[in-house]
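Engineer: If you read the sequences in order, they're chains A and B.
Per the working numbering, residue 1 is the first one in the first sequence, and the count goes up by one each step.
Per the working numbering, residue 1001 is the first one in the second sequence, and the count goes up by one each step.
Hint data in this document are derived by calculation from the structure and do not stem from the laboratory.
Watch out, some of these pointers could steer you wrong.
Said to hold, decoys possible - Example chain A residues on the side facing chain B (calculated, C-beta under 7 Å, incomplete): (1) G95; (2) E96; (3) S301.
Heads up, the beta-carbon is just placed ideally off N, CA and C, and yes, glycines get one too.
Protein chains: 2
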Amino acid sequence: MPAKHAAPASAVLETSPAQGASTLPSAKLEAFLADCQLPTPFVVVDTEVVAQRYDALQDALPMADLFYAVKANPARPILDTLIGRGSFFDVASLGEIEHCLAAGVTSDRLSFGNTIKKRAHVERAYNLGVRLFAFDAEPELDKLSQTAPDATVFCRVLCDGKGAEWPLSRKFGCDPDEAERLLHLAADRGLRVGVSFHVGSQQGNVDAWDAAIETAARLARSLMGRTEPVRLDVVNVGGGFPGIYQREMPSIDLYGEAIAASLARHFTPLYGDYLPRIIAEPGRYLVADAGVLRTEVILVSRKHELDEKRWVYIDCGKFGGLAETMEEAIRYKIRTPHDEAVENGAPVGAVIIAGPSCDSADVLYEKTDYRMPIALAEGDQVDFLSTGAYTTTYSSVGFNGFAPLADYYI
Amino acid sequence: MPAKHAAPASAVLETSPAQGASTLPSAKLEAFLADCQLPTPFVVVDTEVVAQRYDALQDALPMADLFYAVKANPARPILDTLIGRGSFFDVASLGEIEHCLAAGVTSDRLSFGNTIKKRAHVERAYNLGVRLFAFDAEPELDKLSQTAPDATVFCRVLCDGKGAEWPLSRKFGCDPDEAERLLHLAADRGLRVGVSFHVGSQQGNVDAWDAAIETAARLARSLMGRTEPVRLDVVNVGGGFPGIYQREMPSIDLYGEAIAASLARHFTPLYGDYLPRIIAEPGRYLVADAGVLRTEVILVSRKHELDEKRWVYIDCGKFGGLAETMEEAIRYKIRTPHDEAVENGAPVGAVIIAGPSCDSADVLYEKTDYRMPIALAEGDQVDFLSTGAYTTTYSSVGFNGFAPLADYYI
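All chains, please: the whole structure from these sequences, using the hints.
Structural biologist: Right under this line is the structure:
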């Protein structure tokens, strides 16, 4: 089980967006970036911040096993840090399974959380020792019952995603009625069963989990009503715990309290004191804030001499790591060399921020009201905060002849 | 100069969308895919089709030097094919310049068409022999006049993009008034000057070039009005020539006729018979149709037993090469193993098509009314046509643990 710490570095978590963009989560990152001569763009991640986030989340959710969503950032130093903390791992593919095993994760700590798996990959995962699988449809359940007969299979149920900065599509999960049918079918086939859901990425409403947990309890009750009652083996409350971007978010403790209260409210009447195994799948929360992405300004221009709004072109764009700016869903805090001057009264002005590629879709922020120092110019280094998650692996292999995003771990 | 062919394989170009999805542009591709045991996903490109497209476009635009937009697909076999045809090359970055030079392109055949360039990269490009550069703002012009004093610099002017399937954002180009100011400034500094524009990717209106060419002529007239008249060195009519997707497009000859008529209408009164050098930057048109992307169906499911619409999950998604499905802008033709049965009456039904990653944004088509055979099932191989452009290099380095898209050239 994960180590518990009496005094997690919760000060780090309390970094408020209101404090301005210039606060980094650790002195180590400040020092690294202060005299950094590395070519841009790159992202640097402080693994100690990852460890702090892990401990803080485990403290907030003491009832849960934390399965790190490897897709957020699969870098070895991050896996090593989390292995040292006692983490479990949520994997999206056979590639991620092999990557985790190579890092020393044991297969009993893996959950194959993708509802879309090739049959051969389920088989291989099972042979490698994985015993925890997601599904949301009958053909997928068929694969699992045929290939992984003694596994625990958890059915993903659709959520509405209200309150999330990145509400999920209907891609994953099925309607609750369908989930009920599938869970009974899985039980008929002798599989151990669970329920999972995801309330949406960067979820700002700590009560968002309640409706889904209520649904999970309703499904649990249905399984208890069988001639030979079946208990849920697992309730997987997913992810959605926020990183620090432009919008202020509740502290992680409030998430923990809300989820604990909801589990008690809906499951205690059914199971008494013996809850199913509770699983969470944090990705962004554990690694986002630990990273800083440094870029360089290539050009500041106007489309017309008299335009008020400037275009700021930087050397990292949508295809080089900043893919989560898609539809401007994730709005990063941005730091410039002129921020101190701005605090002392130097002027700022509205900007559109765009990447370096010859792709007209490679515009990062156009609708969001970003303002940057009027003094900003070619060659200035601009830092995007909370970029430890969903940057490096989103990067393209070489779109427009640009190399993939470089990454460093300190 | 490019070789001209009396009888280009124009039959290839006339492949009409109305003929259904199952027509590939060459027998070589059919044969390759017929007994292909390669693991999916992959894209295969027939370079002979690329050569045919090059010849057809050169025939349609005999007055133009064709600068292949390398970003569309920088693979060596494609460069080799086009070098053999006498092509010029439009490059987006120093990386692409070095890649082209390594392939044997001479630097006088390169155009650094990105309006966003690091000063050090302009310098390096200039030292490598590049003498043709784009710009759209005064600070970029400063870089060029300081670093590339005897170059030809062409100013990109904004277009409205009407009629394009992928209208461009305002990222590239400046307002015509600003272009006029900048061109005079460039002339003051002794640079040779040109004008460029882009009417939008996958442009369906052959008359879309006219307004931009008229603007270019107006700018040319302004430069002729100087005490010492300055002639435009280059008019760059950009790209926008279409690939074959779902929507039927005019034949390439009609584009050529419209552009030639427009150049004559606007430039002959000004320059007589001596037009500036005309440049075009085809990317998609040359390589898209030459490629087929083969995927495998992983899962076909419904969110509820009674849903009419099925979800079809395949092993290639937005982050694995099909990035141009973004906002469903590019709607590929899709081929399944059941198409013959469908032609003989087997039923089809509405689908949503999604990729394999654990990313909820990785949905390819949800609003577009795609219909696929009811018989479609796990393991079926599904081909996306016209995927030779903007697939391989968009692919992520390893999002969700999936390898970048494999590519083959035949």
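Engineer: For the hint on A:E96, just tell me whether its beta-carbon gets within less than 7 Å of chain B.
Structural biologist: holds (4 Å)
Engineer: Once the shortest beta carbon distance from A:G95 to chain B is found, is it less than 7 Å?
Structural biologist: Hint on A:G95: holds, closest Cβ of chain B at ~3 Å, below 7 Å.
Engineer: Interface hint check: A:S301, Cβ to nearest Cβ on chain B, cutoff 7 Å. Holds or violated?
Structural biologist: holds (3 Å)
Comparing the model with each earlier hint shows no violations; every hint is respected.
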